[in-house]
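Going down the list, the protein sequences come from chains X and H.
Anchor point for the first sequence: position 219 equals 219 in full-length UniProt numbering, and the numbering is continuous, going up by one each time.
Anchor point for the second sequence: position 27 equals 27 in full-length UniProt numbering, and the numbering is continuous, going up by one each time.
One or more of the hints may lead you astray.
Okay, derived cross-link-like pairs now, SDA-like style, lysine to any residue, Cα gap no bigger than 25 Å in a straight line [claimed, not checked]:
#1 X/Lys225 / H/Gly316
#2 X/Lys125 / H/Ala482
#3 H/Lys80 / H/Ser418
#4 H/Lys472 / X/Leu223
#5 X/Lys225 / H/Asp398
#6 H/Lys476 / X/Asp378
#7 H/Lys194 / H/Ala479
#8 X/Lys144 / H/Ser418
#9 X/Lys229 / H/Glu555
#10 X/Lys225 / H/Ser418
#11 H/Lys136 / X/Asn256
#12 H/Lys403 / H/His379
Just a sample of chain H residues kept apart from chain X, beta carbon distances all over 10 Å, derived [as the list claims (entries may be wrong)]:
#13 Arg44
#14 Lys149
#15 Arg394
#16 Asn399
#17 Glu624
Rather than coming from a laboratory, the hints here were simulated on the basis of the structure.
Note that this is a predicted model, so its numbers are computed, not measured.
Positions of the beta carbon are idealized from the N, C-alpha and C atoms, including for glycine.
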Amino acid sequence: MITRRGFLKAGGLAVFGIGLGGVPNFVAQAAAQIKAPGLFKRRKTLVCIFQRGAMDGLMAVTPFTDEHLRAARPTLFMSAAKASPGKPLIDLDGKFGLHPSMAGFANVFKEGRLGIVHGIGSPNKTRSHFDAQDYMESGTPFNKGTSSGWLNRAVGLLGHDTATPFQAVSLTSSLPRSFYGDNPTLALSNLSDFNIQVKGNPAGANMASQSFEDLYDQTAQGLLKETSKDSFEAMNVLKKLDTKNYVPANNARYPNSALGNSLKQIAQLIKMDVGLEVAFAESGGWDTHFNQGTDTGIFARNVNDLSESIMAFWTDMGTLQDDVTVMTMTEFGRTVKQNGTGGTDHGRASCNFILGNDVLGGKVHGKMDALAPENLEDGRDLAVTTDFRSVFSEVADKHLNINKDGVLFPEWDGQHIGVMRT
Amino acid sequence: MRSIVKYFYSPFLALTLLLCLSSFLADKSGPITQAYRKAGLTDREAALHLLNRFTFGATTSDIDNLVKIGADKWFAEQLKANYPDKELQERLAAYDAINLSNQQVNQKFPRAPQVLRQAIKEGHIHKDSINKTDKKAYREMLNSYMAQKGYRPQQELYRQFISQKILRATYSQNQLQEVLTDFWFNHFNVSLTKNDCAMYIPAYERDVIRPNVFGKFSNLLLATAKSPAMLFFLDNFTSVGNNQEKAQATKQNNKPNALGKVAQPKKAKGLNENYAREVMELHTLGVDGGYTQEDVTQAARVLTGWTIYPAITFDGGGNAMKKLEQLSPSTLEKRGFVREGDFWFTPNRHDNGIKIVLGHKFNGGGYQEGVALLEMLAHHPSTAKFICHKLAVRFVSDNPPQKLVDNMVKTFNSKDGSITAILQTMVADPQFWTKEALGEKTKSPFELAISAARALDADVLQPYQLYTWINKMGQKIYAYQAPTGFPDRAQYWINTGALLNRMNFGLAIASGKIKGVKVDLAALNNNHEPESSEAALATYGNIILPERDLSKTIERLTPLLTAPDLAEKVSKAASKNTAETGDDSLDMDTMVPKIKAKANKPKPAFASNAMLAQVVGVIIGAPEFQKR
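Could you put together the complete structure from these sequences and hints?
Take a look at the structure:
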């Protein structure tokens, strides 16, 4: 039995062509094959997108027949009526309307591939961005001490040993809280930068690379040592792949935004067959306290970027669509009432989007009562009617074929609500 | 009788005094020295630790100097922060935008939409041409208008601002002041990513943060609360009391109030909770500091009317200023207006009803009740704990000893939140000096870059080039979007991608590949050329990482650098690799066929400057150098 580490370590050495003594021939050969497609088995990939700053779910997917909302948002409320000023909402089911800047989502919703959950949120009432993100990403809304993130635990539950260092990748400049933990995960912001480089001196780069790998392995401790192992493993795989000349399939056009670039690189990794199973990306700018706008403005730009990026990814996936599910998440929602400055303050529930061929789409899941003051949480916010853990676990269970919610979300024993097809 | 006694004793007294004094001078043992000796550190170990904690990087000469003057005196001098910094000032002289007031910034570096609006108004650009004309032509039109008006692009302001931070950190002799400025800026974080607030950030750091870093915490809190940068970043500039809104609506129906629209840069109609929440969660009490959602809303009401002085904006305040100027200062004062620099309290936007925050009642006290609220928050027991813990995380370790924090809290409470006093308590505590804390902090990318520049005595002519690297390593300085500021813990900085970039940074700076950052490796060793790569490792290891045990590092690297046929092997592997992967990992100038020449004629491993740069680059990218 060759361990994962042992295998790749050998592979790394083979690439350098030095220090090969004692490495079995077949391992060296296998390492040399890294370039060939299919070295790592293609499996299903779950793509999670965290919308940091708390998305106003009531503006993304508006219960446009609700008179209380209309009254609470004199300048922010949008209607589905064609005659309304500005672009109208896209009527989904007679009750909910999709923000017009997310028109890209309309088709996949109709096709039954895009599901929406409204009233989703955390049972912990904190309205602090930092705490709420922390709770959502650790997956333990009442325990700050949890050291691991829920996606890291999901990786641990996949139940198969794999040699790839790319099992879980976050396209961010720092490792997200969701990825903290014992299972190896990667953070990288740019695939083509993921290398040891010395301008104009590749020989030097190789020597330095060798020095660093050995040095970190032998003299570093803890975090530096563990991280460096993952870095070099991944680097040695990427070295053999063409990361620079990626052309998305089916004329998919990614927005030139942080999220667009992240999703493009996730698509790239999936197609390179590096064994990606859990991917993570971020989208920012959702903390709209001030002038959030309606059919144009900050919020409109944000949801446009979100939906266009996701749809570009979906188009790019083409025949691989069966293998991917995309899920968005945000730490909480925003006040039902607009604030004094054309924006909304920190609230409770929001909504999220799930896209995939296994999703029970074409439906707004969850439960939302009329937004009368007596139905609001603390008299001001959209009430949380669906625990985020219910949705996250159902999507992860079904798509990744894992089945231990007690590990994924300890302290939670609720029910799934049926966002995925059975 | 008396005089006899005096005569008799005085020589003895003088002698005793002299003896005491000389022994005191000899061992220079103030509380800091006593503390580290008690913890079992040598003078040099202690010097390194102090420099690692309170500067942006230690060199051998820094250690020599600190040992010479003594830890206590060194720390006292740093707290005074009055070194003239001639070299730094010379380097900063080229940056003309960093000394501008907020008003000047508004007028010299206006935001693009403002310029556009003005250009249309003055008929320079036709409104309908904006979408029709192609982008290039439109930009040219705007540029020529800006040049004609003497306006400069905002990006230039930010480049200068970022550059000055890098230069100050690298060259200031008042290192502690810069370290604390970095700390408190991050604590009261504002971000260039927010357009409305960005242009006020240079003045924020210069006038609000830096002058207050040694003072009382409450002063710092109050100064940030009143700064345009913070007022914009957390939206308080526009927050209006709800009752005020109604009151005004009825008033305006009868008789228009001359001051009704004063200082309202955008349509503002009501309460905004953003600042009120973050001031409790992030600036003072901490998220578990014992406040509720209701406290947040009530505090927001207390702080309504806190905004910016209209005259500092691009249009000089427009009509609002015209109306204001009609009133005499005494009239304004009588009506409760308060102006302090760029800050403006306008009572007609203030909620003068009763509010209760954390059990304290605030009753229509205008500007003063906001001050009272912030004072209360600054002196709250939760604040003392929260701030002292955060300071200890920055200056001791990611998990500081609780007892040390408790001692700092005592000082916070007894010395009215004096930052200087808290730091003195911390450093004079043996728990600051435990072996577990030595070298335990992981450098942020900024700290890494600056410490490398300092260790290599680099001549930083284009600081912005360093910024590009700092950004690549995961710290986009001045641009952390959330009000939390950058997290201060190793796990945030160290990840797979960032770590490779740290190594690449080491190689780049050592080999002089960072444009405008000149490094003279030979001069670092007084132009003595090391005889072998082994010697180079030892020599440069000690220069870059003084007072560190590098035996393990040297042991690991030596065989790699000295293997007789290594150069050839590596070159061959590399050329093969290059052939297979193209220029995949490399920049354009890789094409230059240097490889073959080397492969054909392997010199003794150490003969070239490139090899020396390589050795130094590896040291900077090594695990040891990532810590401080």
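Comparing the hints with the structure gives:
1. In summary, the hint linking X/Lys225 to H/Gly316 is not supported, as the alpha carbons are separated by about 56 Å, beyond the 25 Å threshold.
2. For the hint pairing X/Lys125 with H/Ala482, the CA-to-CA distance comes to about 20 Å; that is within 25 Å, so the pair holds.
3. A C-alpha spacing of about 14 Å is found between H/Lys80 and H/Ser418, which places the hinted pair at or below 25 Å, so the restraint holds.
4. At most 25 Å may separate the alpha-carbon atoms for a hinted pair to count; H/Lys472 and X/Leu223 meet this at roughly 20 Å.
5. Distance check on the hinted pair: X/Lys225 and H/Asp398 sit about 18 Å apart at the alpha-carbon level, within 25 Å; holds.
6. Of the supplied pair hints, the one linking H/Lys476 and X/Asp378 is violated, its CA atoms being roughly 38 Å apart against a limit of 25 Å.
7. For the given pair, H/Lys194 sits about 9 Å from H/Ala479 by alpha-carbon distance, which is consistent with the 25 Å threshold.
8. Straight-line distance between C-alpha atoms of X/Lys144 and H/Ser418 comes to about 31 Å, which puts the hinted pair past the 25 Å bound.
9. A distance of roughly 20 Å separates the Cα atoms of X/Lys229 and H/Glu555; the hinted pair therefore holds under the 25 Å criterion.
10. In summary, the hint linking X/Lys225 to H/Ser418 is not supported, as the alpha carbons are separated by about 40 Å, beyond the 25 Å threshold.
11. A hinted pair counts as satisfied when its Cα atoms are at most 25 Å apart, and H/Lys136 with X/Asn256 qualifies at roughly 19 Å.
12. For the hint linking H/Lys403 to H/His379, the alpha-carbon distance of about 21 Å falls within 25 Å, and the restraint holds.
13. The claim that H/Arg44 lies off the interface holds: its Cβ sits roughly 22 Å from the closest Cβ of chain X, which is beyond the 10 Å cut-off.
14. Under the 10 Å C-beta cut-off, the non-interface status given to H/Lys149 relative to chain X holds; the minimum distance is some 27 Å.
15. Distance check for H/Arg394 against chain X: the nearest CB is about 18 Å away, which clears 10 Å, and the non-interface claim stands.
16. With 10 Å as the threshold on Cβ separation, the claim that H/Asn399 sits away from chain X holds: the shortest Cβ distance comes to roughly 13 Å.
17. Against the 10 Å criterion, H/Glu624 falls within the reach of chain X, whose nearest CB is about 7 Å from its own CB.
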